[in-house]
Amino acid sequence: MKTSITPRNAVAAGLLVILAVLPLYTSWTGNVFAMTLFTRIIIMAIAAVSLDLIMGYGGMVSFGHAAYLGIGGYAVGILWKEGIASGFVQWPVAIGVSALFALVIGALSLRTRGIYFIMITLAFAQMVYYAALGMDRYGGDDGLTIRQRSTFAGLIDLNNRTVFYYLCFAILAGSIFLVSRIVNSRFGLVIRGARSNERRMRAIGFPVFRYRLVCFVIAGALCGLAGALLANHTNFVSPAVMFWTRSGDLMVYVVLGGLGTPFGPLIGTATFLLLEEGLSRVTEYSGLFLGPGLLLVALYLRGGIDGLIGGTRRD
Amino acid sequence: MLYFIEQCLNGVQLGMLLFLLAAGLTLIFGIMDLVNLAHGSLYMLGAYFAATFAEATDSFVIGAILALIATFVSGVVLEIIAIRPLYGRNHLDHVLGTFGILIFFNDLVRLIWGPAGMTLSLPSEMLNAVQVIPGIYYPVYRLVIIAVALAVGALLYFTVMRTRLGMLIRAGASNREMVGALGINIKLLYTLVFGLGAALAGFAGLMQAPILTVQIGMGENILILAFVVIIIGGVGSIRGAFVASILVGLIDTIGRAYVSDMLHSVLSASAASTLGPALASMLIYMLMAAILVFRPEGLFPAATR
Chain A
1 MKTSITPRNA VAAGLLVILA VLPLYTSWTG NVFAMTLFTR IIIMAIAAVS
51 LDLIMGYGGM VSFGHAAYLG IGGYAVGILW KEGIASGFVQ WPVAIGVSAL
101 FALVIGALSL RTRGIYFIMI TLAFAQMVYY AALGMDRYGG DDGLTIRQRS
151 TFAGLIDLNN RTVFYYLCFA ILAGSIFLVS RIVNSRFGLV IRGARSNERR
201 MRAIGFPVFR YRLVCFVIAG ALCGLAGALL ANHTNFVSPA VMFWTRSGDL
251 MVYVVLGGLG TPFGPLIGTA TFLLLEEGLS RVTEYSGLFL GPGLLLVALY
301 LRGGIDGLIG GTRRD
Chain B
1001 MLYFIEQCLN GVQLGMLLFL LAAGLTLIFG IMDLVNLAHG SLYMLGAYFA
1051 ATFAEATDSF VIGAILALIA TFVSGVVLEI IAIRPLYGRN HLDHVLGTFG
1101 ILIFFNDLVR LIWGPAGMTL SLPSEMLNAV QVIPGIYYPV YRLVIIAVAL
1151 AVGALLYFTV MRTRLGMLIR AGASNREMVG ALGINIKLLY TLVFGLGAAL
1201 AGFAGLMQAP ILTVQIGMGE NILILAFVVI IIGGVGSIRG AFVASILVGL
1251 IDTIGRAYVS DMLHSVLSAS AASTLGPALA SMLIYMLMAA ILVFRPEGLF
1301 PAATR
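If you read the protein sequences in the order shown, they are chains A and B.
Just so you know, the numbering used here puts 157 at position 157 of the first sequence, and the rest follows in order with no gaps.
Count along the second sequence from 1, add 1000, and you get the number used in the numbering used here.
Since the hints were derived computationally from the structure, they do not count as laboratory data.
Note that the Cβ used here is the ideal one computed from N, Cα and C, for glycine as well.
Here are some of the chain B residues that sit facing chain A, going by a computed Cβ distance under 7 Å: (1) 1097; (2) 1103; (3) 1274.
Okay, the calculated bits of chain A under chain B, using three or more residues with CB under 8 Å as the criterion: (4) 115 to 128; (5) 133 to 145; (6) 297 to 309.
So here's chain B without its partners, still in its complex pose (with noise of 0.2 Å):
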């Protein structure tokens, strides 16, 4: 039981991550109508430019706040030289410019850092464990990540939903003509919610840099756990991303657990032990498969289209 509620506590630490990414993602979609495969590249950026800054200034928390300025940054920049000219392309284009970006960002970063990783550590107190509920102890670097992906989710839901950029955001989702012809500099929102994408993205990067590698090619994996989110969750809707982030990270952890053991109590052991991982890795991939076929539009589509 222990043992299943500190798996919980993974696999929500995990969906907060993948929210971070899948929000900044969907808002992309959603918004511009861009597939952005790029968008693990800004997450490999955040990571590095992360544990540079860290390295820098000794210390993690400034580290991470100038990592964070720097990924908006960067996300700017290549949304007005790269990114502005796919709008309104079809979605065949987006996949090949941005698959593009993604080679040159690999091997940019391999340019600029190196080929070998790079490791961003935590202050002192952060390594430590807390009784989160009797008998359970967790890393509170975790809980941090949980903590601070569920504030920047609330924030997100408030700009989105209660400010007038929000306003705006939503308004450009659902016709951006109309939005334009009102007054509004539909470009410079664009580049606005490019670079916001990008800042969520590098910080989900930052975040799990401590607990994996900083490597070349780290956003590749996740980049795609990120689509089936957002895909699962409706395109354009934070709602549905944040709910579908849970979902697949409870999935994906707890499957990874309990899996093997599960296939131990129907098939011979050397059977459950090959087929388990394989098998806790597929799971979120059926899940979507699953959704797809009973639900093409995902489990929150959204209202605007």
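Next up, chain A with everything else stripped away, as it sits in the complex (with noise of 0.2 Å):
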């Protein structure tokens, strides 16, 4: 790939640039409101991008993705009710048990096409939603409080803002190249020509349906790799961040950023999270402009952000 200074590079790295040095900021200012913001975005854009894997890149709309940020963060919050706190112990079950879902859930999606994948992957967030909102032992619909963010055995403090704002920050750039390594591998190539034409790739003999799999599990995994963040970001977990308006907020930050692009939904999550924001200080009635703002970004913002600043897509 060749590299060279274009608008979006520059949007990009100046992106990564604030992020990198919004710690030094807020120590200076003491401003924790704007660190936990941010850490907030910075998680959520992990789970962005993993949902850019598969509905970007690969063409699968799936409308369930948050059901995943719940399963990690759950797979945190049960193991510390059980007494295990290591995050080397949570946080790896948090990758597998999403990773175990995902598999499942992609199974039998993935034989759907079109609206009723949107649906299908749907339901089954709906299904892990009403399980957890059954999980007496680990708070049902009040949630679960976790008290005790996952340990490290002494190696990392996550109780240090700066050190979890870094450790979340490493992650999704970690994210951002995993992905942009994936797309642009044989493998990726597949993934995106299934997108392309599903029955030309099919013909020529790949079998579509082990490509898109591996790739939505890929994706599971991620997102329940933020799900784990995310719990112990907010020390506390419940059913609600897996209810279907969640799934339809992280389609719409990956939408207005750009789909299918490496820094899209980074910029996108940004972008939503700090608008609303922004916003909720001026009016208590944010949805007012968001929702009309999000039309728009539909009807007329083909590409999103990533589209405005970049000028038209090859792809």
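Join the two chains into one complex using the hints; note that each chain is given alone, in its own frame.
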């Protein structure tokens, strides 16, 4: 890949630099709130990056991606409640269980196409949502307060805001790198090819279903990790994090930033959450502006913000 | 046994409400090929309008009629302003755009009616219970819901299958360009269908309002149920929506009534009381997933596609 200074690269680099130096600013001004907000942005961006892998590059419009946020979060919460606070156990379990769910959900859902795929992924997410609602031991409807963040045998202290922030930031950077490596690999070319023309890919001899399933599992596992981070960030996990509107939010982040672009999910998440935060300071009714804004994005902003700053995209 | 019959009636009642919602959704989906997440917002609007008008006119029936007209008008306005440009776009754009409309309506309702919910009280004669069969007393209002929804369903079926308007609607579903080429104002037709769907959703909302409280976001849960119904029934099919509504209504209600008890016989009491409600809520999604895996086009695939 040839790298040159384009508006798109400049914006992405600028954003990364801002995120990288943010803790310096907040420790200088003592602005804890900004730190919390940006940690949240980074975590949600990881989830959005994982959704972009299947939705943007793979054309698999999953309307149930928030389920993995909850699964990852509950993995941390349930293990803590049962006396296992070590992140070396919690996080791999969060990733593994999310991957397992994605494997089952994907194996059943990927047989369907179009609107049916959208709805069946939604149905599975709702099932997980109701399952969590029924777990009385782990808080049920009220959610589970996790009184202790994951421990890493004294190596990493997540209670230190700056440490936690940089850990999330590193995972985000790693995710973006991982996804861009995946989509530019032979595997990724098959996934992207199947989005453009599934029948042709199959005719060439690729087992499209299996490729898609693997892709779906990777995305689920990555989102599960984001869920584990989110639970650590808020010290809390509840079924609400998996409600279908949360899955809708994730889709919004990705499309707003730019579907099928490396930095789109991050740009979209940051834009939406900052806008939401900013509007909520001015007006109590931020939805009156965000809602029509989304409609306009869906109608006129093909390629999202990434398309806006980078001009037309080949691909 | 009596309990079972009562639960069945409850299931049919929920099913009929779902049908009102799903009929509009499936028409809009089948004809305009539009995924409309804002359908639940129209359901919510119907309930708020009814509560407001009933309070102002001091009559449930007049309030309901005014609310129906108001949701129809809202639907038409919404279609002209926001929905029209979405036709012909892909489903992801629909999801995004109508999700935006949903967010908009939630805050609009909060702005107009405030964050607290409202209640819609029934006329006193509807509060009684009547004996439907010996030994079973059932609230009049729930019977009214079933009867009215059945009548609306019959009317809708007659309109779509036996009238000129219905013929145009079905024609529009199979080939919109051809209908347009034959000199039919397809834009107006779409607006009417959307308004009709909105009125049906509003109707479901106002019928449900006296049973539950009128509150923001009340359409979000039931919207997903309505989607389950149209997917199970087959997208675009009113008959499918009808059968699937009753199926979903019955399974959901009876599941909630019996799953916990059934689990008690195989599991420990605590495990059963934990698992039961969750499993009951999951039943219909399992049904939908199973149907999609084995019959990807739903039970009654629309003949037009």
